[in-house]
Amino acid sequence: MSGRWLAGKVAAALLTFAFVLVFNFFLFRVMGDPTTQLARLPQATPEELQQLRHNYGLDKPLMGQFVDYVGDTGRLDLGLSQRSRQPVWSEIKDALPWTLLLVGTGTLLATVIGSWLGVVAATRRGKRTDDGLLGFSLFTYAAPEYWIGIILILVFAVWIPIFPSGLQVTPGVQFSGFFSNAWDVAKHLVLPATAMTLMLLGQYFLIMRSSMVDVLTEDFITVKRATGLPWERVVRRHAVPNALLPLVTLSAIQFGAVVGGAITIETIFSWPGLGELSFQAINDKDFPVLEGTFLVFSAGVILANLLADCLYFYLDPRVQSR
Amino acid sequence: MRLKRVWTVTGLLVATVALGVGVASAGGASGSKQGDSILKIGWAQNPSTINPYVGQDEEAFSIWAINWDLLVNFSPKDLSPTPGIAESWDISDDKKTVTFHLDPNAKWSDGQPITSEDVKYSLEVLGSKGALFTSYTDNITSIETPNADTVVIHTKRPDARIVGGLFIYILPKHVWGKVPVGDLTGSYKPELPLVGSGPFIVTDFEPNRITKMEKNPNFRGPEPKFDEIQFIRYGNQDAAERALQVGEVDMVPEVSAAGFARLGDQPNIETLRASSPAYTQMAFNSCSTKICPDAQYNPAIQDLAVRQATAYAVDRERINQIAARDTSFEAHGMLPSFYKSFYEVPADDYPYDPEKAKQILDDAGWQDNGDSPRTKGGQELKFNLYVRSESPYDIQAAKLVAEQAKAVGIEYDVQVVSTDKLYDLTVRKVNGKPAPDYDTFIWGWGGDPYDPSFLLSVLTTGEIGGSSDSYYSNPTYDRLFKQQAGSFDTAQRKGIIQRMVALTQHDLPYLVITYDPNLEAYRTDRVANVEPTCPEDSTGDAICDQTSYEPLLTIAPGSSSGESGGGGSGIAIAVVAVVVVGVGAFFVIRARRRRDSEPLELDE
Numbered sequence: 040m041s042g043r044w045l046a047g048k049v050a051a052a053l054l055t056f057a058f059v060l061v062f063n064f065f066l067f068r069v070m071g072d073p074t075t076q077l078a079r080l081p082q083a084t085p086e087e088l089q090q091l092r093h094n095y096g097l098d099k100p101l102m103g104q105f106v107d108y109v110g111d112t113g114r115l116d117l118g119l120s121q122r123s124r125q126p127v128w129s130e131i132k133d134a135l136p137w138t139l140l141l142v143g144t145g146t147l148l149a150t151v152i153g154s155w156l157g158v159v160a161a162t163r164r165g166k167r168t169d170d171g172l173l174g175f176s177l178f179t180y181a182a183p184e185y186w187i188g189i190i191l192i193l194v195f196a197v198w199i200p201i202f203p204s205g206l207q208v209t210p211g212v213q214f215s216g217f218f219s220n221a222w223d224v225a226k227h228l229v230l231p232a233t234a235m236t237l238m239l240l241g242q243y244f245l246i247m248r249s250s251m252v253d254v255l256t257e258d259f260i261t262v263k264r265a266t267g268l269p270w271e272r273v274v275r276r277h278a279v280p281n282a283l284l285p286l287v288t289l290s291a292i293q294f295g296a297v298v299g300g301a302i303t304i305e306t307i308f309s310w311p312g313l314g315e316l317s318f319q320a321i322n323d324k325d326f327p328v329l330e331g332t333f334l335v336f337s338a339g340v341i342l343a344n345l346l347a348d349c350l351y352f353y354l355d356p357r358v359q360s361r
Numbered sequence: 045m046r047l048k049r050v051w052t053v054t055g056l057l058v059a060t061v062a063l064g065v066g067v068a069s070a071g072g073a074s075g076s077k078q079g080d081s082i083l084k085i086g087w088a089q090n091p092s093t094i095n096p097y098v099g100q101d102e103e104a105f106s107i108w109a110i111n112w113d114l115l116v117n118f119s120p121k122d123l124s125p126t127p128g129i130a131e132s133w134d135i136s137d138d139k140k141t142v143t144f145h146l147d148p149n150a151k152w153s154d155g156q157p158i159t160s161e162d163v164k165y166s167l168e169v170l171g172s173k174g175a176l177f178t179s180y181t182d183n184i185t186s187i188e189t190p191n192a193d194t195v196v197i198h199t200k201r202p203d204a205r206i207v208g209g210l211f212i213y214i215l216p217k218h219v220w221g222k223v224p225v226g227d228l229t230g231s232y233k234p235e236l237p238l239v240g241s242g243p244f245i246v247t248d249f250e251p252n253r254i255t256k257m258e259k260n261p262n263f264r265g266p267e268p269k270f271d272e273i274q275f276i277r278y279g280n281q282d283a284a285e286r287a288l289q290v291g292e293v294d295m296v297p298e299v300s301a302a303g304f305a306r307l308g309d310q311p312n313i314e315t316l317r318a319s320s321p322a323y324t325q326m327a328f329n330s331c332s333t334k335i336c337p338d339a340q341y342n343p344a345i346q347d348l349a350v351r352q353a354t355a356y357a358v359d360r361e362r363i364n365q366i367a368a369r370d371t372s373f374e375a376h377g378m379l380p381s382f383y384k385s386f387y388e389v390p391a392d393d394y395p396y397d398p399e400k401a402k403q404i405l406d407d408a409g410w411q412d413n414g415d416s417p418r419t420k421g422g423q424e425l426k427f428n429l430y431v432r433s434e435s436p437y438d439i440q441a442a443k444l445v446a447e448q449a450k451a452v453g454i455e456y457d458v459q460v461v462s463t464d465k466l467y468d469l470t471v472r473k474v475n476g477k478p479a480p481d482y483d484t485f486i487w488g489w490g491g492d493p494y495d496p497s498f499l500l501s502v503l504t505t506g507e508i509g510g511s512s513d514s515y516y517s518n519p520t521y522d523r524l525f526k527q528q529a530g531s532f533d534t535a536q537r538k539g540i541i542q543r544m545v546a547l548t549q550h551d552l553p554y555l556v557i558t559y560d561p562n563l564e565a566y567r568t569d570r571v572a573n574v575e576p577t578c579p580e581d582s583t584g585d586a587i588c589d590q591t592s593y594e595p596l597l598t599i600a601p602g603s604s605s606g607e608s609g610g611g612g613s614g615i616a617i618a619v620v621a622v623v624v625v626g627v628g629a630f631f632v633i634r635a636r637r638r639r640d641s642e643p644l645e646l647d648e
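These protein sequence lines map, in sequence, to chains A and B.
Residue numbers for the first sequence follow the working numbering, beginning at 40 and rising by one.
Residue numbers for the second sequence follow the working numbering, beginning at 45 and rising by one.
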């Protein structure tokens with residue numbers, strides 16, 4: 040039963056990915072003949088342009104190009120970056136761990152802190168703590184992330200210079216070992232991860248708070264309290280687990296989406312992740328790289344959705360019994 | 045029970061992040077020796093590649109110009125020829141043969157001798173296959189190497205560039221010659237260290253992080269004061285400027301106009317406004333109906349009186365003050381003042397004089413219609429003025445031009461378009477013939493840092509279909525262009541170039557508005573002996589970017605060089621510790637309070 044359920048989900052994910060593949064292919068074809076972008080050479084002769092089209096396989100019929108494209112993508116051959124002349128996949132491979140580190144840390148902290156604050160606020164609904172937390176989270180939710188980023192840099196790198204203002208590691212330094220290296224990265228991670236956390240915190244807080252408020256008004260909570268269980272225990276053992284479900288979905292889906300959404304933060308902090316890579320690719324009109332990053336972003340969202348479904352299956356007995 | 049699972053999942057996530065720090069940071073370590081003095085330069089972009097066969101970035105040129113010599117280098121003072129790979133040279137009487145003499149003791153950084161074969165290889169192979177090096181050898185008929193220390197170059201016509209502008213780096217043949225040309229022009233990654241002849245050679249190159257250059261042990265000139273130069277990539281100018289402010293880097297060779305004013309107010313930071321071989325111009329569609337039968341433009345733009353009136357109506361200094369925040373230089377003709385040996389303020393300089401502009405239009409029969417554009421026999425002085433959305437400076441300049449020209453009765457309708465769109469409008473073709481579709485536009489050109497030939501070529505008839513975007517065509521100008529190219533004598537060449545500038549100032553295919561600056565900033569506590577050098581006056585470039593490595597030999601470590609600012613490890617540990625202890629204490633206190641509270645206490 041559950042195997043079939045899982046297979047269904049995986050099939051749906053694959054179908055979505057296939058659609059993305061088709062869309063991505065045609066998106067970059069409707070922008071016109073790529074050779075006009077490739078060869079900004081006013082003096083290029085028609086023969087040279089023809090040669091260029093041939094080299095890139097653009098003289099084949101569209102269907103043939105699509106088959107090549109799917110095959111190449113399957114082999115992780117995403118073409119060559121027009122700017123660096125290096126394989127797009129190797130550029131993505133270099134940037135991906137940094138994005139995962141930043142987005143992972145940010146999402147993790149935002150989920151944990153946001154949900155904890157949500158619980159605190161919900162159990163003190165209408166009191167000053169609740170009002171204060173609500174105001175704070177609405178503020179961080181509404182504040183643009185570049186503004187948060189710049190304020191963090193101004194305060195913690197310029198006024199009180201305790202953290203580096205950007206980059207992911209002190210450039211040009213020989214580290215004595217893994218831990219000194221990791222410590223250096225951790226120091227560089229503090230400000231961008233804080234910005235990321237503040238950017239995401241609000242929504243986790245709001246979801247957790249409203250979800251908790253719902254659960255706390257359910258009959259079984261009243262029953263538990265009537266049995267004489269300590270309030271603390273009722274909240275922790277019975278209310279929170281039930282309220283957590285929407286949060287799990289949100290954070291899994293968010294994780295996929297923010298892989299691409301970290302563009303601003305990565306740019307401000309010179310963090311060499313996928314966001315920065317796509318920002319540069321847009322600036323340089325490096326279409327092969329853009330095409331590659333789009334594909335990775337889409338794959339990230341699809342994968343995260345699948346993960347959310349699986350987590351749900353694991354956490355929610357109602358899904359298992361269906 | 046379910047909650048436990050959530051914690052398991054959370055725990056796994058934490059482990060993933062911890063692992064992530066490790067995986068992501070692994071491989072980032074690449075070392076510098078303790079006690080080395082390092083010059084840290086922050087910039088927005090690293091070169092995308094350091095392979096000269098395919099590299100096209102300005103940043104790549106900055107690196108190459110330190111790593112390699114040219115056959116003949118440029119003196120930073122006035123950009124005149126000075127020994128490079130060649131120690132001396134003789135020019136034949138007919139000026140079609142130049143014999144270069146190499147230093148027999150010169151060695152590459154790997155100890156191999158520098159020979160005439162290296163020169164021949166570089167000129168022939170890099171000069172014909174390198175993306176940006178192909179235009180310099182057109183005139184060369186053959187290159188001979190009678191012995192290891194002599195190179196003889198024969199040309200079709202006398203060509204002064206053979207001595208003063210053969211901008212092809214001399215590469216070691218024993219390194220590059222063994223790689224097939226097809227690979228070199230593909231995705232080839234040069235071997236490190238990048239064997240060179242300059243004062244520093246690339247020892248580490250990570251496109252998204254850093255370019256590291258260390259001292260060349262076999263460099264023939266005086267020993268540099270720094271042991272190492274690091275070019276650190278920050279992704280954007282803002283971030284690089286911030287890094288300078290907090291002391292993470294010592295120098296930023298390119299700052300924004302906004303950053304220039306801000307950094308100038310900071311303690312320990314000095315800013316420099318250097319001239320550069322670039323300008324911003326307003327171009328007028330000058331294409332004749334013969335060359336461009338299908339061009340689209342208001343024919344009134346080809347009335348000389350209209351262009352000259354526009355030139356008098358526009359206050360170039362005011363545009364500099366407002367649009368460029370007074371960081372540019374008011375232009376006087378199409379040759380930037382950067383080319384010191386050839387520059388002079390032309391006689392026709394069009395000082396701001398709106399009354400004169402009105403007079404010129406009146407004399408030419410353009411009838412004044414008050415607030416509406418002037419008219420003459422069905423023609424109206426109403427033109428489009430295209431400008432690129434990517435350049436806030438150009439947009440602001442265009443608005444000021446429109447505002448000032450309106451006061452004399454010429455209407456410029458500013459249209460902001462993408463660079464691609466403007467490019468398409470200027471190179472448009474119909475039936476294979478040029479058919480530019482614009483009246484006027486504002487854009488800029490950047491020339492070679494050592495030789496004005498490229499900037500001068502833009503207005504030649506030969507460049508129509510190539511770089512020419514005004515489609516200006518004047519046989520006298522074309523003839524003078526060829527003449528200056530064959531002139532080895534600087535004074536004589538200056539005279540010819542001045543005549544070319546005078547012609548364009550009269551005909552006005554371009555109204556050059558400002559000469560673009562090169563804005564630099566450095567920390568006075570980290571680097572010493574920073575002087576405006578290129579050219580040798582108050583507007584000189586302090587590091588002679590892409591032109592000469594000589595300033596890098598004199599720039600020295602400052603009083604507190606080597607201290608890295610920002611992110612002091614001790615303080616960071618303290619802050620983290622305080623946060624951890626604080627959070628811990630909070631939980632302990634809270635837990636105590638909970639234990640004391642009544643178990644049955646209801647919260648309502």
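These aren't lab readings, by the way, just hints derived from the structure by calculation.
Quick caveat: nothing in here was measured; it's all calculated off a predicted structure.
Heads up, a few of these hints could be off.
[As the list claims (entries may be wrong)] A partial selection of chain A residues facing chain B, derived with a Cβ cut-off under 7 Å:
{"no.": "1", "residue": "G42"}
{"no.": "2", "residue": "A46"}
{"no.": "3", "residue": "G118"}
{"no.": "4", "residue": "R122"}
{"no.": "5", "residue": "S123"}
{"no.": "6", "residue": "A196"}
{"no.": "7", "residue": "V197"}
{"no.": "8", "residue": "S309"}
[Said to hold, decoys possible] Pair by pair, the computed Cβ-Cβ distance ranges are:
{"no.": "9", "chain 1": "A", "residue 1": "V194", "chain 2": "B", "residue 2": "S81", "range": "44 to 54 Å"}
{"no.": "10", "chain 1": "B", "residue 1": "P190", "chain 2": "A", "residue 2": "S219", "range": "52 to 62 Å"}
{"no.": "11", "chain 1": "A", "residue 1": "V194", "chain 2": "B", "residue 2": "Q365", "range": "57 to 67 Å"}
{"no.": "12", "chain 1": "B", "residue 1": "V225", "chain 2": "A", "residue 2": "L66", "range": "48 to 58 Å"}
{"no.": "13", "chain 1": "A", "residue 1": "G110", "chain 2": "B", "residue 2": "A302", "range": "42 to 52 Å"}
{"no.": "14", "chain 1": "A", "residue 1": "G110", "chain 2": "B", "residue 2": "K173", "range": "24 to 34 Å"}
{"no.": "15", "chain 1": "B", "residue 1": "G506", "chain 2": "A", "residue 2": "L54", "range": "51 to 61 Å"}
{"no.": "16", "chain 1": "A", "residue 1": "F352", "chain 2": "B", "residue 2": "D227", "range": "31 to 41 Å"}
{"no.": "17", "chain 1": "B", "residue 1": "K233", "chain 2": "A", "residue 2": "L342", "range": "44 to 54 Å"}
{"no.": "18", "chain 1": "A", "residue 1": "P100", "chain 2": "B", "residue 2": "D138", "range": "22 to 32 Å"}
[Claimed, not checked] Which chain A residues stay away from chain B? Per the calculated CB distances, all over 12 Å, these:
{"no.": "19", "residue": "A50"}
{"no.": "20", "residue": "M102"}
{"no.": "21", "residue": "W137"}
{"no.": "22", "residue": "F175"}
{"no.": "23", "residue": "I192"}
{"no.": "24", "residue": "P200"}
{"no.": "25", "residue": "F202"}
{"no.": "26", "residue": "G205"}
{"no.": "27", "residue": "I246"}
{"no.": "28", "residue": "I307"}
{"no.": "29", "residue": "F308"}
{"no.": "30", "residue": "W310"}
Note that the Cβ used here is the ideal one computed from N, Cα and C, for glycine as well.
Results for each hint:
1. G42: Nearest chain B Cβ about 20 Å off; hint violated.
2. A46: For A46(A), the interface hint is violated, since the closest Cβ of chain B sits about 23 Å away, which is over 7 Å.
3. G118: violated (11 Å)
4. R122: holds (4 Å)
5. S123: Where the cut-off is 7 Å and the nearest Cβ of chain B is about 4 Å from S123(A), the hint holds.
6. A196: Holds: closest Cβ of chain B sits about 6 Å from A196(A), inside 7 Å.
7. V197: Holds - the Cβ of V197(A) comes within 7 Å of chain B, reaching about 6 Å at its closest.
8. S309: With a minimum Cβ separation of about 4 Å from chain B (threshold 7 Å), the hint on S309(A) holds.
9. V194(A) <-> S81(B): 44 to 54 Å: violated (32 Å)
10. P190(B) <-> S219(A): 52 to 62 Å: Because 57 Å falls inside the window, the suggested range holds.
11. V194(A) <-> Q365(B): 57 to 67 Å: This hint is violated: roughly 34 Å between Cβ atoms.
12. V225(B) <-> L66(A): 48 to 58 Å: About 35 Å separates the Cβ atoms of V225(B) and L66(A), which means 48 to 58 Å is violated.
13. G110(A) <-> A302(B): 42 to 52 Å: holds (48 Å)
14. G110(A) <-> K173(B): 24 to 34 Å: holds (31 Å)
15. G506(B) <-> L54(A): 51 to 61 Å: Because 58 Å falls inside the window, the suggested range holds.
16. F352(A) <-> D227(B): 31 to 41 Å: Cβ of F352(A) to Cβ of D227(B): about 51 Å, so the range 31 to 41 Å is violated.
17. K233(B) <-> L342(A): 44 to 54 Å: Once the Cβ atoms are compared, 32 Å apart, the range 44 to 54 Å for L342(A) and K233(B) is violated.
18. P100(A) <-> D138(B): 22 to 32 Å: violated (58 Å)
19. A50: holds (25 Å)
20. M102: The assertion about M102(A) holds, with a minimum of 28 Å to chain B.
21. W137: Violated, since 5 Å does not exceed 12 Å.
22. F175: holds (17 Å)
23. I192: violated (7 Å)
24. P200: Violated, because the least Cβ-Cβ distance between P200(A) and chain B comes to about 5 Å, which does not exceed 12 Å.
25. F202: violated (5 Å)
26. G205: violated (5 Å)
27. I246: Holds, since 15 Å exceeds 12 Å.
28. I307: violated (7 Å)
29. F308: For F308(A), whose nearest Cβ neighbour in chain B is about 8 Å away, the distance does not exceed 12 Å, so it is violated.
30. W310: violated (8 Å)
Consistency note: the structure conflicts with the earlier hints numbered 1, 2, 3, 9, 11, 12, 16, 17, 18, 21, 23, 24, 25, 26, 28, 29, 30.
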